[in-house]
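K.L.:
The listed protein sequences derive, respectively, from chains A and B.
Using my numbering, the first residue of the first sequence is number 593, and each one after it goes up by one.
Using my numbering, the first residue of the second sequence is number 357, and each one after it goes up by one.
Treat the hints with caution; some may be incorrect.
Said to hold, decoys possible - Taking lysine-lysine and the PhoX-like style, the derived pairs with C-alpha atoms no more than 20 angstroms apart in a straight line are:
1. B:Lys596 / B:Lys524
2. A:Lys888 / B:Lys591
3. B:Lys534 / B:Lys524
4. A:Lys845 / A:Lys888
5. B:Lys634 / B:Lys398
6. A:Lys823 / B:Lys611
7. A:Lys740 / A:Lys716
8. A:Lys818 / B:Lys596
9. B:Lys591 / A:Lys818
10. A:Lys867 / A:Lys845
11. A:Lys684 / A:Lys700
12. B:Lys561 / B:Lys544
13. A:Lys818 / B:Lys611
14. B:Lys634 / B:Lys442
15. A:Lys889 / B:Lys591
16. A:Lys700 / A:Lys713
17. A:Lys638 / A:Lys774
18. B:Lys421 / B:Lys398
Unchecked claim - Derived coverage of chain B by chain A (criterion: at least 3 residues anywhere in the stretch with Cβ under 8 angstroms from a Cβ of chain A; other residues may be distant):
19. 469-482
20. 593-599
21. 604-616
Hints are computed from structural coordinates only; laboratory data are not their basis.
We treat Cβ as the ideally placed atom computed from N, Cα and C, and that holds for glycine.
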Amino acid sequence: MSKETEKKVLTTNELLNHYSDSIKNGLNNGTKYVDAFNRLNNTSDKNDLLAAAVELTNYQLNSDFVVFPHQFSDADVQLVFLERILSLSGSKGLTIINAEHVQKLLCKFASLSDNTFTFTKSSKNPTGFFFGPTDYNRPLFYLNLKTKELMFHGSALIDYFVVDLEGTTVSDSKAALEVLLKVAEILKESFGFKIDFNVLDGVNGEFYEFAAGEIPEAIMDELFVKSADNKFILMADQNGGASLTLNDGTQLKVYNSGNSDRPKWGAAIYDADQKESWLYLLLDYPFIQEWYLDNKKQLEILSNQFVFG
Amino acid sequence: MDRKTEENQFSQNDTILSSALKQKMDYLNDLNESITKGDDLKIYELIDPNRYATEANGETLSEAKPDHFSLAADLNAQLSHHLSNKLIDYLGKTYPFFYYHEYELGKFHIYFGNWWDHRMFGDLDPINVRFNFSEEEYQILAKSFQLELENSRVNDAEMRQLGEENEKLTQLIEDQDKRDRRKEEIRKQLKENEEKSPMPWEAGKVKEEHQQLSDALLELTNIDEQASNSRPKIKANENKILALSKEETILNLEKQNIRASFGSFDAFNENNRNLYAKYIQNLAEESQVSDGE
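Bound-form chain B, shown alone (with noise of 0.2 angstroms):
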């Protein structure tokens, strides 16, 4: 065989090729184009045509749409900085409570709410129109919103358990008076326990008396010392009671929030689900309206 059978055995010509790397220089021409003109509808499609088919237009694909995305993925951070201008008006309306802070190009953390310590509730990724959240903070708001239906909270049991314990020490605090009543009575039973100079056959029971005694003066002072120690404690369970009161004060406010805007926890996350298609159909009326003027 030639060398040249060889070379055409896969049918490849330079149209083949030429007309490739055409459809490549019009991928990113397309893409240029729209970032330039501000058409974020058409980056989506360019982003990702089989989601946008099937996801946004409902479109079922007998085969995958050619995706050329990989050719400008490298650039993902500037075109998410692009793209998160509207998203964030957009989510400005129907998420008003969330907002966002690009820590760096292209990336944002998202807040939930702008009340005192808001909790930073995950990431934002325009690309996709997805919320990435922290799967720790979103797990106390669903056991939140859980916990609600049976009239429960959170931090309940642990605030409560910190709350009986204050009332224990504080009491232990407030009984000091009436210990040293006690101790002064034993000591006077044991010194008069030990001025007495009895028989032989009731030297045991004295002794034992002289025991019995010794031994609730020692647990008393015991007592005395666990009240003493008792105050930084206290002040210790206070901080603590403080800080998850603050939790739950910030969970409530989220509650109230996605209550606000969507009714309910489910309708919220059913929303968040949706949220690229219902996005991008955002975006086609948004230029529907201006095609029209």
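Bound conformation, chain A alone (with noise of 0.2 angstroms):
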């Protein structure tokens, strides 16, 4: 015999009022559920809503004794949010369209028709989620509302807006980035996230990193080649590196920003308006997009490999 049951047996009474208790605890934890739901849903306040979605995330919503079998997933909890997030921002760029049944929640684009989107939970990080398109296994961003955490994943984008949606208007593209953009800018600027832009980054300067480190002289003659062919003129610049004057007076910058013995080499974009970043700059010029494509594997820009990886 156990000592508890030697030292507590319970009346009848005591055991219905455990089970009374019990119910109630799981009603009230569903009420909180709903409450923090319904925040979630209708706030106006921005920092009402991002409380109610850190709340809502790995929320244990069933008990013993109380479970209820309707449910959003945690990714489900993610996508709200960034739709009224936005929406609160006044941008309709993003909407849910399968909202009517509880299920996983996908979401689109208003200029990319058809393609959908979801959230995915990280394996690593409780509180981390992938934002991607559905039928790609493939992260476009990682967003942790928790840790104020937003990172863009560079090759992914690349990959997708690049290569999969070969076809759709550059300004079509675009029109989806920028709701990307937005995101990131309202997190930033309204909680203080952190956000990594990696290939979305716009401002000068801003170095994107080739996976390679080293890049064969050959992979810059066939830029110098290219560039030609599209009337630009890949000039010498300092260290070895190149530079490419291009339309609007937007400059790219190729070199070594490390040294010879542990070559970092990589890209940077110099433009008036601080808004060319290196996927933009993919989209707008085909060239520079070819070049790319044919030499990915050295070119690849670097994301956050512990997060992605």
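Hints given; two lone chains; assemble the complex.
P.N.:
Next up, the structure:
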């Protein structure tokens, strides 16, 4: 016999009270959930919205005595948050398309016709989620509302917007990307999120580091020849680098930011509006895109290996 | 004869010697003064008075002018460095596509253009105001200009040949399925052939058929082998084509730049031949302007 049963023998009355307390707790837990869910869905206060989404993520709704058969997943909560934070900021660039049933929620960008996107949970971080196209297992960005982080995945963004969406007009692709940039901007400005813009960073001089470290001269030769075919001249720059002046004075520089022992080749872009990012450049200049794709193994832009790896 | 008469047989006396030495000292003084005053025009006259008179000023000399440059010839590098300053400024305006790198005191490499992988085109000689183009690089450019008249390019033939070879190799790879099907057929025919038990008078024919089929099969497997080796070959050819297109791109830029500054390759060459005279005239005009101020 165990000590507990020796010590405590519950009466019928106690047992029944225990039962009703458990149900009450389960129901209260449900009420709390509903309250948070309503805030997620209805609040017009951004801070309240973020707090509700954080609260609902990993919410243990079921208990031993009360089970709710229809539940939204944690990933769904992130998507509702995304749509709502955009709409609170006046953007209608992204809409959830299948909220009629409780199920895996999908969304669409206004400019990208039938392509759907969704969140999936990270297996490494319990509060981290990947956002990506439903049909491809490729995260375009990582979002963690709790740790306040958003990281874009450079090569996945390029693979999707440049390769998979080939045939989509540049302005439609950019309209969808602007929505993502808007999200990042809101999160940064309203809540102080840490954002890794990666290939979407338009700030002048942002260094897009190539995967290969060292770039064979033949790859630069190819850029030189392709540029000349398009009436742009790749100029020799300091320390073995090169620079290319494009339309409207936009300048692309390719150089080694390391040294000869530890080469770290990459690219930087300078433009008057500080809007041109590596991804936009690839969309805007098909010959640079072709050059990148021809040499993708070497030129791929690195993303956070720990989060995405 | 006494010693005195012997010494005087060349009418040598100290006055003459002294005057010769004085001339040399004057020369070095003049050179020194011109350098301190930055009078490059005078320096060029002192370096080669005969060329200066004939080439730059169009004089006809009945006899050669005294030339003392050998006195300063061991300062060639220093003089070259000094003269390069103004000369390169001048060349920057007249030959805007040339860039110079002083790789040793007074020695300059010429680079054609500042684009990617620009060519080292030879040396600049500031003392003689002369481009010493690298013969090989210059000849390629000359050839490119020449071929342009025939609507052709230096590397056209080689690029075409490599392109055709790659097309053939790609075809070999693409035809693999076709060959596999054909091999399957032949193997079946071979099997049928081997199962035949011919009458003695037919045996020769059957054997001959067997040989033909085996030969055909062997040929196809040979092609298979070629096909499987062709990918690296295609890649290597692509790299060669890239190198050749790069050369053509560079030649194009060079030609464009020469045309933009001189109109034609002939005019460019003509200007190079007269570079000394033109530069001296330019220095003369500039010194007049500054005198007038």
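K.L.:
Which hint numbers does the structure go against, in order from smallest to largest?
P.N.:
Result: no hint breaks.
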